[in-house]
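A.B. asks: Sequence:
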Amino acid sequence: LFKKNVIKLYHQNNYLNKIHVIMLGSMMGWRNDIYNSVDVDEKIKIYKFLIEQIKKNQNIDNKNIWYKHHPRLPKEIWLKLKDNLDCSFFDYNHQNLSEIELANKDLMAVYSVSSTSLFYAKMIFNINSYTLNIKSIKTHPSAFDKSNYLYKKYFFNEIIYK
2 LFKKNVIKLY HQNNYLNKIH VIMLGSMMGW RNDIYNSVDV DEKIKIYKFL
52 IEQIKKNQNI DNKNIWYKHH PRLPKEIWLK LKDNLDCSFF DYNHQNLSEI
102 ELANKDLMAV YSVSSTSLFY AKMIFNINSY TLNIKSIKTH PSAFDKSNYL
152 YKKYFFNEII YK
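All you need for this note's numbering is the position in the sequence shown, starting with 1, plus 1.
Source of the hints: derived by calculation from the structure; they are not laboratory data. Beta carbons are placed, not taken as given, at the ideal position from N, Cα and C, and that holds for glycine. Check before you lean on any hint, since a few could be wrong.
What follows is a set of in silico ranges between Cβ atoms, one per label pair, in the way DEER data are often shown [claimed, not checked]:
no., residue 1, residue 2, range
1, 14, 40, 31 to 37 Å
2, 72, 43, 17 to 23 Å
3, 156, 76, 32 to 38 Å
EDC-like cross-link-like pairs, simulated, lysine to aspartate or glutamate; straight-line CA separation at most 20 Å [what the hints assert, rightly or not]:
no., residue 1, residue 2
4, 83, 43
5, 83, 40
6, 81, 92
7, 76, 62
8, 4, 107
9, 83, 53
10, 81, 53
Using the sequences and the accompanying hints, generate a full structural model.
C.D. replies: Shown next, in the form of structure tokens:
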């Protein structure tokens, strides 16, 4: 029923973009506080690394890689990402949840640090799904333990950041 409803919502919105790859933004590990130290410049380096990996894995060019931000990402960070990343961006005010994008018949793969939509992509829509492991970066010690456990248990593709 979930998949059927997502497909219905997708068609009701009359999408025109042929999106091949989506990078789903995540808030995990991104906040700047006493437990998380990933600043926007580090995020840019991480996403540039991921874009290069996507181009190699999917054999596509940058314009076919779309970044969908997390709904709670501040606009000033989104603007800095948009100014510094060579890929396509969903508009900041794009209201649809990322799950709706999973109904796009042209979608080949989904990438994320951590997102429930990544699970939906693999488990419900049978789309190639890749998790980006950023454990090498100083974040809260347990930030990735639960999601990494599930990604490994369900055989997600993993890309390890440096």
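A.B. asks: So, for every hint listed, does it hold in this structure?
C.D. replies: Hints versus structure:
no.	hint	result
1	14 with 40: 31 to 37 Å	holds, 35 Å
2	72 with 43: 17 to 23 Å	holds, 21 Å
3	156 with 76: 32 to 38 Å	holds, 36 Å
4	83 with 43	holds, 14 Å
5	83 with 40	holds, 15 Å
6	81 with 92	holds, 13 Å
7	76 with 62	violated, 26 Å
8	4 with 107	holds, 16 Å
9	83 with 53	holds, 16 Å
10	81 with 53	holds, 19 Å
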